[in-house]
Amino acid sequence: MSAPAPTAAPPPATRRVSRALLATRMPSAATAALLVVAVTASALMQHNFFTPYGLTSNFATILPVATIAVAQTIVVLAGGIDLSIGTIVTLSSVVAVQLMDGDPGRVPLALAAGLATGAACGLLNGLVVAVLRLQPIVATFASSYVFGGLALLVLPTPGGTVPAEITGGYRQVIALLLPVPAVLLLVLWLAWRLLRAHRIGQYLYAVGGNAGASYASAVPVARVRVFSYTAGGTVAALAGIALLANSGSGDPFIGNELTLGSIAALVIGGTRLSGGAGGAGGAILGAIVLTLIQNLVFFAGVPTNARELVNGAIIIVAIALAGLLTARGGTSDGGRGRS
Amino acid sequence: MSTVERPRAAEQGDNAPGRATGVLRRLARDPIVVSGVAALVLWGVAALVSPAFASWSQIVTLLVLASFLGVIAIGQTLVVIAGGEGIDLSVGATATLAAIVASRHMDGSNEGFVGAVALALGAAAVVGALNATGILVFRVPPLVMTLGMISVVYGFIRLYTGGRPAGSAAPALRSLVGGDTVAGIPGVLWLWLGLSVLVIWLLRRTSYGWRLYAVGGNPTTAYLSGVNPRLVKASAYVLSSLFAGVGGLLLLGYTQTVFLRLADPYMLPSVAATVVGGTALIGGIGGYLGTIIGAILLTVLDSFLRVLQVGGGGDAPRQIIYGLVLLVVLSAYGRQKRLRQ
Numbered sequence: 001m002s003a004p005a006p007t008a009a010p011p012p013a014t015r016r017v018s019r020a021l022l023a024t025r026m027p028s029a030a031t032a033a034l035l036v037v038a039v040t041a042s043a044l045m046q047h048n049f050f051t052p053y054g055l056t057s058n059f060a061t062i063l064p065v066a067t068i069a070v071a072q073t074i075v076v077l078a079g080g081i082d083l084s085i086g087t088i089v090t091l092s093s094v095v096a097v098q099l100m101d102g103d104p105g106r107v108p109l110a111l112a113a114g115l116a117t118g119a120a121c122g123l124l125n126g127l128v129v130a131v132l133r134l135q136p137i138v139a140t141f142a143s144s145y146v147f148g149g150l151a152l153l154v155l156p157t158p159g160g161t162v163p164a165e166i167t168g169g170y171r172q173v174i175a176l177l178l179p180v181p182a183v184l185l186l187v188l189w190l191a192w193r194l195l196r197a198h199r200i201g202q203y204l205y206a207v208g209g210n211a212g213a214s215y216a217s218a219v220p221v222a223r224v225r226v227f228s229y230t231a232g233g234t235v236a237a238l239a240g241i242a243l244l245a246n247s248g249s250g251d252p253f254i255g256n257e258l259t260l261g262s263i264a265a266l267v268i269g270g271t272r273l274s275g276g277a278g279g280a281g282g283a284i285l286g287a288i289v290l291t292l293i294q295n296l297v298f299f300a301g302v303p304t305n306a307r308e309l310v311n312g313a314i315i316i317v318a319i320a321l322a323g324l325l326t327a328r329g330g331t332s333d334g335g336r337g338r339s
Numbered sequence: 340m341s342t343v344e345r346p347r348a349a350e351q352g353d354n355a356p357g358r359a360t361g362v363l364r365r366l367a368r369d370p371i372v373v374s375g376v377a378a379l380v381l382w383g384v385a386a387l388v389s390p391a392f393a394s395w396s397q398i399v400t401l402l403v404l405a406s407f408l409g410v411i412a413i414g415q416t417l418v419v420i421a422g423g424e425g426i427d428l429s430v431g432a433t434a435t436l437a438a439i440v441a442s443r444h445m446d447g448s449n450e451g452f453v454g455a456v457a458l459a460l461g462a463a464a465v466v467g468a469l470n471a472t473g474i475l476v477f478r479v480p481p482l483v484m485t486l487g488m489i490s491v492v493y494g495f496i497r498l499y500t501g502g503r504p505a506g507s508a509a510p511a512l513r514s515l516v517g518g519d520t521v522a523g524i525p526g527v528l529w530l531w532l533g534l535s536v537l538v539i540w541l542l543r544r545t546s547y548g549w550r551l552y553a554v555g556g557n558p559t560t561a562y563l564s565g566v567n568p569r570l571v572k573a574s575a576y577v578l579s580s581l582f583a584g585v586g587g588l589l590l591l592g593y594t595q596t597v598f599l600r601l602a603d604p605y606m607l608p609s610v611a612a613t614v615v616g617g618t619a620l621i622g623g624i625g626g627y628l629g630t631i632i633g634a635i636l637l638t639v640l641d642s643f644l645r646v647l648q649v650g651g652g653g654d655a656p657r658q659i660i661y662g663l664v665l666l667v668v669l670s671a672y673g674r675q676k677r678l679r680q
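Chains A and B, in that order, are what the protein sequence lines are.
Take 1 as the starting number for the first sequence in the numbering used here and just add one per residue.
Take 340 as the starting number for the second sequence in the numbering used here and just add one per residue.
Take these hints with a grain of salt, some might be off.
To be verified - Derived Cβ-Cβ restraints for the label pairs, each shown as a range:
#1 158/A <-> 521/B: 47 to 55 Å
#2 123/A <-> 363/B: 31 to 39 Å
#3 317/A <-> 449/B: 46 to 54 Å
#4 560/B <-> 303/A: 47 to 55 Å
Rather than coming from a laboratory, the hints here were simulated on the basis of the structure.
In this text, a Cβ means the ideal position worked out from N, Cα and C, and glycines have one as well.
Isolated chain A (complex conformation) (with noise of 0.2 Å):
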C-alpha cells in the first residue's frame, strides 16, 4: 500500500524469488573468511567433525547460540538493543520447563507458554523503549533484572526435567548426515527470509537506517520497534527451548551470559550495530564461527586456565577484522540494507 519503494510497477512473481536469492549472499567477505578457517581448522583437529556424530553435536551447541544472535539482530536492525535478551532465555526456558515437568503430554502447553512469556517479556522492552522513549541499553540493562528476578522466582534452583522425547529427538539426524538441530537452524534462516521479504521486514531496515527519513515517509516508527523488540524476545524464547532441549534439564542462569555472545555473533557477521544494515543470516554464520572457535580452543590443548584468554582474544581479533573488511566496503555497506 504505501511501501516506501519508488518503483513504478512491482515486477513479475519469477523476477522478483530470483532477486531475492541473488540478495542472500554472504554479509561480508570477512565473515566468509572467518568461516572458512573456523570449519577447516574444525575439521583438521577435531577428526570426527565430519561424522554424524561431530556434526550433530556442533550444531546441538550453535543452534542456541545461532537462535539467540538471531534475535538480537532483528532488535539491533530496527535500531535498539536488548541486554535483557539472555534473561529473556532463562525466564521462558524456566517457565517452560516449569510447565512440562518431564511429562510428554503437557509439552505444547508448555512450549507455548514459553513463547508467550520471551514475545510478552519483548512486548514490554519495545513499549518501554518505543512508548516511554528509553535509552535502550540502560532500558534493557533495568528490565534484565525484572527477568532475571522473575526467572529466580520460577525455578528458585536448578532442576525440571525435559521429557526424553525431546532430548532425543533433538539429537536425532535425518537422512545420514543432516543433524535436527541444523535443521531446524534452516527453517529459523527461512522464517527470517520471509519476514525479510514482507512489509515489515523493510520497515525494520527503514527505521533502523533513518527513523526520522521513516517517520516523514509513513513508516509506522513507533510499532515497528514495539514490534522489533517482541519478534526478538519471541526468538530468544525459541533459543530458551533449544536450550533445554540440550541440556535436559532447566537452570535459572542458564541463559544470562548469552547477551554478551548474541552481540559478538551478529557483529561478525556484518550487522552495524547503529541499525539499519546486515541481516540474520549473517548473525547465523557469526554465532557457527563463535561456537567453532571455542571448540578450537578446547581441542588444540590450550592450559585451562588460559583457555579464556585466548578464546576472548580470538574473538575480538575475530571482530577488528570483520570491522576492517565491512569498512572498506564504505558506502555499498549502508545500502545494502535497502535493497
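Given chain A's structure and the hints, the job is docking chain B onto it.
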C-alpha cells in the same frame, strides 16, 4: 525542547506564579534534582521502615558503599561524554584486575604498598589502552570492544592467579576504607570528595574538559576547531580504566581479600549511575555531579531493598523491584526526543 519553552516562560514572567511554575518545571526536568529527590525520598521511606537507616553510622556506611560505584563511574562518565556511542563495559573486569594484582603484591603488609598500587593501576591502564586501540584504530564499536575485553581480562586474571587469587589488602588500604580518620568520616569518602572535585574541575574549568564535550557533541566541528578527536577519546578510555582500577583498589580495602568476580556487579550499574545522573548516552551532555547522585541513589535503593527483605529475603523480588524502580527513575527524564519535532 528548551528553545521552544523559553519564550513562553518569558511571557509569563510578569506574574510571579507563572515564573514559579516555570522554575518548578525546569527543576522537574533537571536530572540531578530528580535523582537527588528520588534518593532522599527513598532514604526517608527506608528510615521510616527501619529507623536504623537514619543513624549517622548507617549513612556513612551507605556513602562508603556508594563511593566504590561512584569512583568506578567517573571513567564511565568521561567515556560517555566523549561520545561516538562511547561506553566502557569493561570497568568491572578492570577493577577486579587491579584489586587482584594489588592484593597479590601487598600480601597483607604495608611494604611495597606504593609498588603494588602502581602495578595495579598500570595493569588497568593497559586495558584502557587496548580498548582505545580497538575502538579508534580497528573501529570496533565501543560496546562490542569493551564487552570482548571483559572475557580477555577475566581470561588474563585466570591465567595470572591460576584460578585462586592470593594475598590480601595492605593495612594502610584497609584503614583508608574502614578506619575513622578525619572528623568521623572514613578516608575513602574524603578521597571520593577529592576525586569528585578534581573531575568536576577537569570537566568544567580545563581545556581538556571542553575538548571532551566538544568531541562528544560533534567530532567534526571539534576536529575543524583544532581538537584531535581520536586523542581525546583515547584518553577518555585510558582514564576510565584508571579510575576503574582506583575503584577496584578501594573495593579491595573494603573486602580485604579478593575473589574472581569481585567488581562484576559494578559493570552495568556504573552505566546506570551515569545515565540516571543525566549524562546522555549520545555524548556531549552531562557531568560528574549527576553521576555522584546517581551512584548514591542506586546504592540507597539496593540497601533499602536488602533491608526490606521482600518476599522472605530471597534475591528474586529484590532484583525485580530494583529493575522496576530503575525504569521509573529513568522515565522521569532519561527520555529521547519525540520524532515529530
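Hint by hint, here is what the structure shows:
1. 158/A <-> 521/B: 47 to 55 Å: Check passed, 49 Å falls within 47 to 55 Å.
2. 123/A <-> 363/B: 31 to 39 Å: Given range 31 to 39 Å: holds, Cβ gap about 35 Å.
3. 317/A <-> 449/B: 46 to 54 Å: Given about 41 Å between the Cβ atoms, the range is violated.
4. 560/B <-> 303/A: 47 to 55 Å: holds (51 Å)
In terms of the numbered hints stated before, the structure departs from hint 3 and from no other.
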